[in-house]
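Construct all of the structure, not just a fragment, from the sequences and the given hints.
Taken in order, these protein sequences are the chains called P and V.
Using my numbering, read the first sequence as starting at 1294 and increasing by one per residue.
Using my numbering, read the second sequence as starting at 1294 and increasing by one per residue.
In short, the hints are calculated from the structure, not lab data.
Check the hints yourself; a few may be wrong.
Pairs involving identical chains hold if they fit within one copy or between any two copies, as the list cannot separate such chains.
Within a straight-line C-alpha distance of at most 25 Å, the following computed DMTMM-like cross-link-like pairs (lysine to aspartate or glutamate) qualify [claimed, not checked]: (1) LYS1296 with GLU1426; (2) LYS1296 with GLU1416; (3) LYS1326 with GLU1416; (4) LYS1326 with ASP1420; (5) LYS1296 with GLU1374; (6) LYS1320 with GLU1347; (7) LYS1320 with GLU1341; (8) LYS1320 with ASP1337; (9) LYS1296 with GLU1319; (10) LYS1381 with GLU1341; (11) LYS1428 with ASP1357; (12) LYS1296 with GLU1341; (13) LYS1296 with GLU1344; (14) LYS1428 with GLU1416; (15) LYS1296 with ASP1401; (16) LYS1320 with GLU1354; (17) LYS1428 with GLU1380; (18) LYS1296 with ASP1323; (19) LYS1428 with GLU1302; (20) LYS1428 with ASP1387; (21) LYS1381 with GLU1319.
2 protein chains.
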Amino acid sequence: MTKRSPSPEAVSAWARLMRVSRQLVEKTEDALKAGGLPPLAWYDVLHELAEAGESGLRPFELIDRVLLAQYGVSRLLARLEAEGLVEKLPVSDDGRGQTVRITPNGRDMRRRIWAVYGTSIAELMGDRLSAEELKALAALLARLRHPPVGT
Amino acid sequence: MTKRSPSPEAVSAWARLMRVSRQLVEKTEDALKAGGLPPLAWYDVLHELAEAGESGLRPFELIDRVLLAQYGVSRLLARLEAEGLVEKLPVSDDGRGQTVRITPNGRDMRRRIWAVYGTSIAELMGDRLSAEELKALAALLARLRHPPVGT
DNA sequence: TCTATGTAGATGCAAATGCATTTATATGGA
DNA sequence: TCCATATAAATGCATTTGCATCTACATAGA
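So this is what it looks like as structure tokens:
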């Protein structure tokens, strides 16, 4: 067990990051609930599927995009399908898999969620930092990505 | 329903923040699991209680500090008590309440979690950004706090 | 004092999550 | 061709979470 001590700067940046991200998520989830809308994870999936267009996506492709475990994707898709927001299609060249496509109702739900979600982002981020600061923040956060981009 | 559209900068900073914070949490939770240690939330509580010292804390004081719901604190404390990591004491001037204090075993567990947690912070943050960048990141994040500090 | 209201904390029940495993199909050798 | 191994997706079961409520005590006002 190799113990390394983080610098004080690393610790306080970490603490802020943990705290702020949770607060922002909580605020946004609250706003969605208040609007009678489903959780953020639903939006993430609907968003990816909307971007993917008519050809849809395979469930395993969603795993990395929405940062859910395989069983999480499986169950979330089952709920979305039950609500008529997505449809599952067999895929011709792989009998194990399926392709998931967003339905018109799904697109509509995505829009309705975005009305609240986008407002939340505008209030929580856009109103607090300038465009330059937002870019600087995004750039710093990008350096923390996992796995690290590049080499 | 007043819809506002967030700027592209706000959206990408938001996306990065959501993604990176989740990745970092996941990496750290994985490291804890790999070490046979309890989740981050346990650390948070043990840390607060360790800082509070012999006088301990009331459960309701933990709610805001660790960003858990009231029932979350109640149940987490029950688990910690069952593990002998904290103890609950009646409080003299309020028959409804209790004071929670960390035990020696709790302090020990906190240290063991920190050995892994601290290493994780060092690798995930300290190795990727300089001290100045970390300070800049923390400062930007501080501006996103909720509720906003000051006026 | 009595009553109404407020606050601290716990908990029953339903829903969501994590973990391990299962089912079904694919693929790359021997 | 047959088998061993790998991959896609689903699921049983235990744990955790969320929501609503409940119990117990506190406090302020009539």
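Results of checking the hints against the structure:
1. For a Cα distance limit of 25 Å, the shortest separation of LYS1296 from GLU1426 across copies, 23 Å, qualifies, whereas the shortest one inside one copy, 35 Å, does not.
2. Proximity of LYS1296 to GLU1416 under the C-alpha cut-off of 25 Å is restricted to the inter-copy arrangement: shortest distance 11 Å between copies versus 41 Å within a copy.
3. Taking the shortest alpha-carbon separations for LYS1326 and GLU1416, only the intra-copy value of 17 Å comes in at or below 25 Å, while the best inter-copy value is 36 Å.
4. For the identical chains of this complex, LYS1326 and ASP1420 are intra-copy neighbours only, at 22 Å inside a copy versus 38 Å across copies, given an alpha-carbon limit of 25 Å.
5. For a Cα distance limit of 25 Å, the shortest separation of LYS1296 from GLU1374 qualifies neither inside one copy, at 47 Å, nor across copies, at 28 Å.
6. In this assembly of identical chains, LYS1320 and GLU1347 lie within 25 Å of each other by CA distance neither inside one copy nor across copies; the values are 33 Å within and 34 Å between.
7. Both within a single protomer and between protomers do LYS1320 and GLU1341 lie at most 25 Å apart by alpha-carbon distance, with minima of 23 Å and 24 Å respectively.
8. Taking identical chains as interchangeable, the C-alpha atoms of LYS1320 and ASP1337 lie at most 25 Å apart whether they share a chain (17 Å) or sit on different chains (21 Å).
9. When the C-alpha separation of LYS1296 and GLU1319 is checked against a cutoff of 25 Å, the pair qualifies only between copies, where the shortest distance is 19 Å, while the shortest distance within a copy is 33 Å.
10. For the identical chains of this complex, LYS1381 and GLU1341 are intra-copy neighbours only, at 15 Å inside a copy versus 47 Å across copies, given an alpha-carbon limit of 25 Å.
11. Taking the shortest Cα distances, LYS1428 and ASP1357 sit within 25 Å of each other inside one copy (24 Å), while across copies they are farther apart (30 Å).
12. Only between protomers do LYS1296 and GLU1341 lie at most 25 Å apart by alpha-carbon distance; the minimum there is 22 Å, versus 39 Å within a single protomer.
13. Taking CA atoms no more than 25 Å apart as the test, LYS1296 paired with GLU1344 passes between copies only; the shortest distance there is 22 Å, against 43 Å inside one copy.
14. For a Cα distance limit of 25 Å, the shortest separation of LYS1428 from GLU1416 qualifies both inside one copy, at 17 Å, and across copies, at 24 Å.
15. Within a single copy, LYS1296 and ASP1401 get their C-alpha atoms only as close as 51 Å, which misses the 25 Å cut-off; across copies the closest is 16 Å, which meets it.
16. Within a single copy, LYS1320 and GLU1354 get their C-alpha atoms only as close as 29 Å, which misses the 25 Å cut-off; across copies the closest is 20 Å, which meets it.
17. For the homomeric pair LYS1428 and GLU1380, neither the shortest alpha-carbon distance inside one copy (37 Å) nor that between copies (47 Å) is at most 25 Å.
18. Proximity of LYS1296 to ASP1323 under the C-alpha cut-off of 25 Å is restricted to the inter-copy arrangement: shortest distance 16 Å between copies versus 39 Å within a copy.
19. For the homomeric pair LYS1428 and GLU1302, the shortest alpha-carbon distances inside one copy (21 Å) and between copies (6 Å) are both at most 25 Å.
20. In this assembly of identical chains, LYS1428 and ASP1387 lie within 25 Å of each other by CA distance neither inside one copy nor across copies; the values are 42 Å within and 50 Å between.
21. Taking identical chains as interchangeable, the C-alpha atoms of LYS1381 and GLU1319 are never at most 25 Å apart, the minima being 31 Å within one chain and 29 Å between chains.
Hint check: violations occur at hints 5, 6, 17, 20, 21; the rest are consistent with the structure.
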